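Chain A is already provided as a structure; the job is to place chain B on it using the hints.
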Amino acid sequence: DAKTTQPPSMDCAEGRAANLPCNHSTISGNEYVYWYRQIHSQGPQYIIHGLKNNETNEMASLIITEDRKSSTLILPHATLRDTAVYYCIVRVGISGTYKYIFGTGTRLKVLA
Amino acid sequence: EAQVTQNPRYLITVTGKKLTVTCSQNMNHEYMSWYRQDPGLGLRQIYYSMNVEVTDKGDVPEGYKVSRKEKRNFPLILESPSPNQTSLYFCASSFRSNNSPLHFGNGTRLTVT
Numbered sequence: 088d089a090k091t092t093q094p095p096s097m098d099c100a101e102g103r104a105a106n107l108p109c110n111h112s113t114i115s116g117n118e119y120v121y122w123y124r125q126i127h128s129q130g131p132q133y134i135i136h137g138l139k140n141n142e143t144n145e146m147a148s149l150i151i152t153e154d155r156k157s158s159t160l161i162l163p164h165a166t167l168r169d170t171a172v173y174y175c176i177v178r179v180g181i182s183g184t185y186k187y188i189f190g191t192g193t194r195l196k197v198l199a
Numbered sequence: 006e007a008q009v010t011q012n013p014r015y016l017i018t019v020t021g022k023k024l025t026v027t028c029s030q031n032m033n034h035e036y037m038s039w040y041r042q043d044p045g046l047g048l049r050q051i052y053y054s055m056n057v058e059v060t061d062k063g064d065v066p067e068g069y070k071v072s073r074k075e076k077r078n079f080p081l082i083l084e085s086p087s088p089n090q091t092s093l094y095f096c097a098s099s100f101r102s103n104n105s106p107l108h109f110g111n112g113t114r115l116t117v118t
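For the record, the sequence lines run as chains A and B. The numbering used here puts the first sequence at residues 88 to 199. The numbering used here puts the second sequence at residues 6 to 118.
Where hints are given, some of them may not hold.
[As the list claims (entries may be wrong)] Chain B is faced by these chain A residues, among others (derived, beta-carbon under 8 Å):
id, residue
1, P108
2, Y121
3, S128
4, Q129
5, G130
6, Y133
7, K186
8, Y187
9, F189
10, T191
It is worth saying that the hints were derived from the structure and are not from the lab. A quick note: this is a predicted structure, and the numbers were derived from the prediction, not measured. Every residue gets a Cβ at the ideal spot worked out from N, C-alpha and C, and that includes glycine.
So here's chain A without its partners, still in its complex pose:
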């Protein structure tokens, strides 16, 4: 199973870009990378996902390296409300079944 590795914690100044890295060196060719965040003990919230190309939505951008072994989630203008634990997840599947592999995430603290 593809596993993900993230730094345990990061700080970011309010208004600056937050760049959260993730390594997924064992990812297979058709496995997507998903990013979620969890605020306190609420249910994880979907942010963005991608396969090969860079992706952008209203919340964030996702940069995936050409070899697909790592990715970076970018929050372009972090606010205090972005303080959360961010999870980089790979969805792995065999023979029509699949599961999501969660790591322990990065605790992002946005500082005023």
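Just chain B, lined up with the frame of chain A:
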């Protein structure tokens, strides 16, 4: 509103007393799954279901049962709860397509004494 609904949000029980945590989704998702979250261990999958009447074990299935009699519901059953099942539980659902994100419920905090 599209959502995954878990009940109850909080539950305190005693060892050995059977309990059920309900999960319902209104998005017509084929895939449903249960996770538990413990400090330092992240989210671990308990069971999942690819469709009605199809369930499979995740990484930590011991002590749990599930059923999928209808597409929208996926209850988690603890036949004889033990203190090591004290945890935060999340239900999630998605479409089966390769490109579909998981939608999570708000969680159930279970304490077994």
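Verification of the hints:
1. With its C-beta approaching chain B no nearer than about 17 Å, A/P108 sits outside the 8 Å limit, and its interface hint is violated.
2. A distance limit of 8 Å between C-beta atoms decides the matter here; for A/Y121 the minimum to chain B is near 6 Å, and the interface restraint holds.
3. Evaluation of the A/S128 hint against chain B yields a held restraint, the C-beta minimum of about 6 Å falling below 8 Å.
4. Interface hint at A/Q129: satisfied, since its Cβ lies 6 Å from the closest Cβ of chain B, which is below the 8 Å cut-off.
5. Interface hint status for A/G130: upheld, as the beta-carbon distance to the closest one in chain B is roughly 3 Å, under 8 Å.
6. For A/Y133, the suggested interface contact is upheld, since its CB lies about 4 Å from the closest CB of chain B, less than 8 Å.
7. Hint on A/K186 holds. Least Cβ distance to chain B is approximately 6 Å, under the 8 Å limit.
8. The interface hint given for A/Y187 holds, since its Cβ lies 6 Å from the closest Cβ of chain B, which is under the 8 Å cut-off.
9. This hint holds: A/F189 has a C-beta 4 Å from the nearest C-beta of chain B, less than the 8 Å allowed.
10. A distance limit of 8 Å between C-beta atoms decides the matter here; for A/T191 the minimum to chain B is near 4 Å, and the interface restraint holds.
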